[in-house]
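What follows is each chain in one-letter form.
There are 2 protein chains.
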Amino acid sequence: MKEFDLIKRFFTEQVVKRKDVVLGIGDDCALIHVSGLNNIAVTTDTLIAGVHFPHDTSPRSIGHKSIAVSLSDLAAMGADPTWLSLALTLPQTDEKWLTEFCAGVFELCEYYNVQLIGGDTTQGPLSITVTAQGLTPEGKHITRSGAKAGDWLYVTGEIGDAALALKHIKGMVTIEDVFKEQILSKLDYPKPRVLAGQALREYASSAIDLSDGLISDLGHICKASGVGANIVMEALPISSAMKDTLGSEQAAQLALSGGDDYELLFTVSDDKKVGMETALANSGIAITCIGQLNASEKITTTLNSKPVPITASGFEHFSSGSINEVE
Amino acid sequence: MKEFDLIKRFFTEQVVKRKDVVLGIGDDCALIHVSGLNNIAVTTDTLIAGVHFPHDTSPRSIGHKSIAVSLSDLAAMGADPTWLSLALTLPQTDEKWLTEFCAGVFELCEYYNVQLIGGDTTQGPLSITVTAQGLTPEGKHITRSGAKAGDWLYVTGEIGDAALALKHIKGMVTIEDVFKEQILSKLDYPKPRVLAGQALREYASSAIDLSDGLISDLGHICKASGVGANIVMEALPISSAMKDTLGSEQAAQLALSGGDDYELLFTVSDDKKVGMETALANSGIAITCIGQLNASEKITTTLNSKPVPITASGFEHFSSGSINEVE
Numbered sequence: 031m032k033e034f035d036l037i038k039r040f041f042t043e044q045v046v047k048r049k050d051v052v053l054g055i056g057d058d059c060a061l062i063h064v065s066g067l068n069n070i071a072v073t074t075d076t077l078i079a080g081v082h083f084p085h086d087t088s089p090r091s092i093g094h095k096s097i098a099v100s101l102s103d104l105a106a107m108g109a110d111p112t113w114l115s116l117a118l119t120l121p122q123t124d125e126k127w128l129t130e131f132c133a134g135v136f137e138l139c140e141y142y143n144v145q146l147i148g149g150d151t152t153q154g155p156l157s158i159t160v161t162a163q164g165l166t167p168e169g170k171h172i173t174r175s176g177a178k179a180g181d182w183l184y185v186t187g188e189i190g191d192a193a194l195a196l197k198h199i200k201g202m203v204t205i206e207d208v209f210k211e212q213i214l215s216k217l218d219y220p221k222p223r224v225l226a227g228q229a230l231r232e233y234a235s236s237a238i239d240l241s242d243g244l245i246s247d248l249g250h251i252c253k254a255s256g257v258g259a260n261i262v263m264e265a266l267p268i269s270s271a272m273k274d275t276l277g278s279e280q281a282a283q284l285a286l287s288g289g290d291d292y293e294l295l296f297t298v299s300d301d302k303k304v305g306m307e308t309a310l311a312n313s314g315i316a317i318t319c320i321g322q323l324n325a326s327e328k329i330t331t332t333l334n335s336k337p338v339p340i341t342a343s344g345f346e347h348f349s350s351g352s353i354n355e356v357e
Numbered sequence: 031m032k033e034f035d036l037i038k039r040f041f042t043e044q045v046v047k048r049k050d051v052v053l054g055i056g057d058d059c060a061l062i063h064v065s066g067l068n069n070i071a072v073t074t075d076t077l078i079a080g081v082h083f084p085h086d087t088s089p090r091s092i093g094h095k096s097i098a099v100s101l102s103d104l105a106a107m108g109a110d111p112t113w114l115s116l117a118l119t120l121p122q123t124d125e126k127w128l129t130e131f132c133a134g135v136f137e138l139c140e141y142y143n144v145q146l147i148g149g150d151t152t153q154g155p156l157s158i159t160v161t162a163q164g165l166t167p168e169g170k171h172i173t174r175s176g177a178k179a180g181d182w183l184y185v186t187g188e189i190g191d192a193a194l195a196l197k198h199i200k201g202m203v204t205i206e207d208v209f210k211e212q213i214l215s216k217l218d219y220p221k222p223r224v225l226a227g228q229a230l231r232e233y234a235s236s237a238i239d240l241s242d243g244l245i246s247d248l249g250h251i252c253k254a255s256g257v258g259a260n261i262v263m264e265a266l267p268i269s270s271a272m273k274d275t276l277g278s279e280q281a282a283q284l285a286l287s288g289g290d291d292y293e294l295l296f297t298v299s300d301d302k303k304v305g306m307e308t309a310l311a312n313s314g315i316a317i318t319c320i321g322q323l324n325a326s327e328k329i330t331t332t333l334n335s336k337p338v339p340i341t342a343s344g345f346e347h348f349s350s351g352s353i354n355e356v357e
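Residue numbers (my numbering), protein chains in the order written: chain V, 31 to 357; chain G, 31 to 357.
Please keep in mind that the hints were generated in silico from the structure rather than gathered at the bench. There may be inaccurate statements among the hints.
Same chains, same label: a pair holds when it works inside one copy or across any pair of copies.
Said to hold, decoys possible - For lysine-lysine, the following DSSO-like pairs were computed, each having C-alpha atoms within a straight-line distance of at most 30 Å: (1) Lys-49 - Lys-197; (2) Lys-170 - Lys-49; (3) Lys-47 - Lys-126; (4) Lys-253 - Lys-49; (5) Lys-221 - Lys-273; (6) Lys-47 - Lys-170; (7) Lys-49 - Lys-178; (8) Lys-49 - Lys-303; (9) Lys-336 - Lys-47; (10) Lys-178 - Lys-47; (11) Lys-336 - Lys-302; (12) Lys-302 - Lys-126; (13) Lys-253 - Lys-47; (14) Lys-170 - Lys-303; (15) Lys-303 - Lys-178; (16) Lys-210 - Lys-197; (17) Lys-303 - Lys-200.
Isolated chain V (complex conformation) (with noise of 0.2 Å):
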């Protein structure tokens, strides 16, 4: 086949169609209209075959995670996702491995009426970069660094399921039948929480994507907004199948660390706590309080209220670095 008719069947046949894009795929560029009134949000990730997905993972899979990783980011900086740019490395074209890896971009398109405006396919070994782009109403964008001393620390669903699918994988742990797929899809399948960041743009002094792991990405806060935390332990958001496979203080260690979840960490002001919570409550997104920053500019954790030592820090590699992401 054809590179341009390669291209052609796969990319361009989308069910979105957004009004504010002016020309999408077929020319040298995309021309995308935005009113004064917003501003444009813009993420780049690169996920590569055995660094950021082990080698079997499935197409669709990896079409899915490599959009969910930008949407995420788009998340936790309140914006409402509006367009894509896909770059494709192939070893070699693979027609069904296309299909599938599609289907797992444009399942997520379509559900936030994201549209793919452009993007590049090469040769080579299998990587995808993804630029996203998204909308804030002016001044209404979160950072990571508006946090303040005496501000409620938050997660949004359970974290640490995506390190411990990625430890199964591994053949360190092994998973009840019972709750194999539920953890797995958490690692294969992550979902972006967009929603919560457009409902926490009107309450979060802060926030952050799960990605690196809890203490890492906290790290980042603390960090550009020269504060400290402390977590309490037994309110960390943990599955039955975490506790069940690796016990309380082990699966609690693992969700300190363990990186990929793609919730939102996010800060919010006691006097918009209430105010907050009734709001994604309304919206149906579970979150817990797991803890609360302080002026020490350290991160400490506590369980039933003495300190506890952090057995795990946060994973740096060279290859996971975001230059969205240098404070």
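Using the hints provided, position chain G relative to the given structure of chain V.
Here is chain G on its own, set in the frame of chain V:
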């Protein structure tokens, strides 16, 4: 060196600080502000070592070219370049390499007042994906689809030199020493025709940048616009170095098929011809009329008014397909 220190050191210290960048590098997303009077042009290109540039290309050239090819797409739309997102995949952390690569990137950024607003760094085989954005006054962009039979066909600069340089590197031809530096720099340091694109948005009926070769890229204009074209071979702007190295006939054939020139190919209606030529002469941009469009839906070539065959066609391969550029 830790990942974040690495990135911070090389990518966050830049000279360009645009007023429309509300939030640059350092959070989950960058934030930009655009007045409702402009549209945003968006383009994405991936360059892979060994596919889009030889493995032993200098890091400064790789940095330059990564940015230049995207700015060239913006130029072809008549856009003013504004923001870049850069995804860099590197085999290992190499400070010397990064220093030179960044020099190539930031030279162009500073010249065109373009700000790097984000990106990603990952470990893997060398590749670079850039998403570049620019602004066009509403309704003033140039597409591939506006050409009409009777319009005149132009190119900026001289064409074929980059293809000649590649032949030299591959040992297929030998360029005389007196021409070598000039020709190799056309391949390694292509100049995106940003100023020409800006001037042309008042005049051109269509435009494209020459990345795949004149015949191939003219084919995109013809297909998108539903027209044909005749190229006057003796009018092709070919460098003395090309003629000296290949002889006139072969030089002209290489000018038809060779890629990587990043000159602009554009069309102008008869009534706008003088205005356009005056405007571009005032801007000091060399242009050449190389033929005329017709209603045939075919591309033909003539030499001294007699039909001549096209011996080389524009190349089409899996590795260079841009999703943006599907018709």
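Comparing the hints with the structure gives:
1. Lys-49 - Lys-197: Neither. Shortest intra-copy (44 Å) and inter-copy (46 Å) distances fail the 30 Å Cα cut-off.
2. Lys-170 - Lys-49: both (23 Å within a copy, 18 Å between copies)
3. Lys-47 - Lys-126: Answer is within: at 25 Å inside a copy they meet the 30 Å cutoff, but 45 Å across does not.
4. Lys-253 - Lys-49: Answer is between: at 25 Å across copies they meet the 30 Å cutoff, but 40 Å inside does not.
5. Lys-221 - Lys-273: within (22 Å within a copy, 59 Å between copies)
6. Lys-47 - Lys-170: So Lys-47 and Lys-170 pass the 30 Å test inside a copy (26 Å) and across (22 Å) alike.
7. Lys-49 - Lys-178: Answer is between: at 27 Å across copies they meet the 30 Å cutoff, but 39 Å inside does not.
8. Lys-49 - Lys-303: Result: close neither inside a copy nor across copies, 36 Å intra and 34 Å inter.
9. Lys-336 - Lys-47: neither (55 Å within a copy, 47 Å between copies)
10. Lys-178 - Lys-47: Close across copies (28 Å), not inside one copy (41 Å); limit 30 Å.
11. Lys-336 - Lys-302: within (28 Å within a copy, 80 Å between copies)
12. Lys-302 - Lys-126: The answer is neither: 50 Å in one copy and 49 Å across copies each exceed 30 Å.
13. Lys-253 - Lys-47: between (40 Å within a copy, 23 Å between copies)
14. Lys-170 - Lys-303: Classified as within; 18 Å inside a copy, 48 Å across copies.
15. Lys-303 - Lys-178: within (14 Å within a copy, 62 Å between copies)
16. Lys-210 - Lys-197: For Lys-210 and Lys-197, the Cα distance is within 30 Å only inside one copy (12 Å; across copies 56 Å).
17. Lys-303 - Lys-200: neither (40 Å within a copy, 66 Å between copies)
Of the numbered hints stated above, those contradicted by the structure are hints 1, 8, 9, 12, 17, listed in ascending order.
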